[in-house]
Amino acid sequence: MSKNDRSDSLGLVRPQRLAFDEPLALRSGKSLPAYELMVETYGELNPDRSNAILICHALSGDHHAAGYHSEDDRKPGWWDNCIGPGKAIDTNRFYVVCLNNLGGCGGSTGPVSINPETGKHYGPDFPIITVRDWVNSQLRLMDRLGIGKWVAVIGGSLGGMQVLRWAISYPERLHHAIAIAAAPKLSAQNIAFNEVARQSITKDPDFHDGRYLEHGVYPKQGLMLARMVGHITYLSDSSMRAKFGKALAGLEAEQGNFGRDLRSGSLSFGFNVDFEVESYLRYQGEQFSEKFDANTYLLMTKALDYFDPSVDYDGDLSLAFANSDCRFLLMSFSTDWRFPPDRSREVVNQLLRAGKRVSYLEIDADQGHDAFLLPIPRYIHALSAYLGNAHREICGHAS
Amino acid sequence: MRPDQEIIRRWIEPGSRVLDLGCGDGALLAWLQREQDAHAVGLEIDPANIEQCLASGVAVIEQNLNQGLSNFESDSFDTVLLAQTLQALDNPAELVREMLRIGRKGIVTFPNFGNWKSRLDLLLRGRMPVSDFMPHQWYDTPNIHFCTVRDFDALCREGDIRVLARTVVNSRHEGSWAMRAWPNFLGEIAIYHLSRN
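If you're matching them up, the sequences are chains D and E in order. Residues 178 to 576 in our numbering are what the first sequence spells out, letter by letter. Residues 4 to 200 in our numbering are what the second sequence spells out, letter by letter.
Rather than coming from a laboratory, the hints here were simulated on the basis of the structure. No residue lacks a Cβ here, since even glycine has one placed at the ideal position from N, Cα and C. It is possible that some hints are incorrect.
If you want a taste of the chain D side facing chain E, the calculated C-beta under 8 Å gives, among others [said to hold, decoys possible]:
1. Leu529
2. Val535
3. Ala562
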């Protein structure tokens, strides 16, 4: 069956590149004189332009959230299980907008773009972009598309942080803020993992102080290592046991399953790949290193580390939300140890202190942080129910 | 609307902030939002109920009442509701105290174990009461802390809680002059309106 024909799929979708000429002042004090954003939209904007939803991507995501770019694509966009006709984010009802954030490597202006001042790749000269800067650029996109108020801004992980920033910076521009598997700010442990990732990239001999593209190389080993350590934090102990313990599970009782499946059936007594998990991580790291830019990875991890909307309010997050008159939905996943349920609860409690209308669900899921990208029934149904009501309230019954 | 809910509605000022402990499918809060323009939040642990709340536009937080309410600020709500949940709590007295810390006023409804049918079950059959209204056997009931109207009156006295109003209804949520005269004997559901003394 052609990818165009699946009734619940968007089929083939096309990104568009939008240019913005007005300089964007950045949190760092620097400014981007002009920039481009890669954008995909799904569904139809209704006549009164009231049915738009913004999707914010996480660390390694981009504008391609759903559908396929070509008949040959093996995989659809990164959130295809959630976005499409009849799906939780229903493109029969909503006009869904997703962009590649500034500093990304999916086609929006970022370190791989050509710096007009030098005629070379920006590389390490690309300014550090923060979550606040992203939201400011998303606001300009919103104005360009002629959208007055989002039905909802939705995102998971780093995307969820953009959602919280929207609710704080532009509360009058969204009805609902939906932040999934997010955190009010990173913990020392979170920053520590990011620092290991950054060190592995910057210490790669092919990094060349970030000017690797000018040398015709890229820090493949460093990016691989960064992704491997990152990937471990996205999974849970139980999901790794299940993923890499299939052979053992057949032989022994469930509790004996430590996820230690061997790659070739016997130990090598050398420093080669012995276990499936090693092979898997190397493969994931390698795949990632071939399609992701190292400077973008550094920038994204810094955006995570710097996120803390309470800094402008003497550390009191509830004050940050004082003017947020949107409604909130937060969801977390039981085995997520990167941004565990307690981190979402912190946000919920600050929202309650601020007197906001907030809903919160703690979803039982084995998949760790990765769960926010997966079609976990309770999670998807909750999102669908919430957005169904939002659509009724904001867009009326006609759709 | 059921008569008991009509009673509750009359006790809730338009536009007030309402926290419902164990809000179920959110029907009462949805109604209070619509009829009284209430700023409502519910706490619930059952996933199906939570999803129904989301579908009805009721703000709901997944939170186990038995793990306390310390995340709620004092005086952050006008009214805190506890409808048909008291008897299933680990520590009902503590939760009633917490209700009146968080809310200026509280509304509590519970099945009255002092009702004549319950008394008759024990007296004549020698068995724990089971009815359509309280359908569980003693060994599988979620209701672990039954009390009577007079028991709850005593709790309020001891806890320095003011009873602003007290009424009872039958299992069809209807009241009568006889129930008002002998609430602990005839009432099946007790409804209290409380405040701090």
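Per-residue hint verdict: Ala562 (chain D), partner chain E, C-beta under 8 Å: It holds, given that the least Cβ distance between Ala562 (chain D) and chain E is near 4 Å, below 8 Å.
Checking hints one by one. Is Val535 (chain D) an interface residue toward chain E, by the C-beta closer than 8 Å rule? It holds, given that the least Cβ distance between Val535 (chain D) and chain E is near 6 Å, below 8 Å.
Going by Cβ atoms only, is Leu529 (chain D) closer than 8 Å to chain E? holds (6 Å)
The structure meets every hint from the earlier list without exception.
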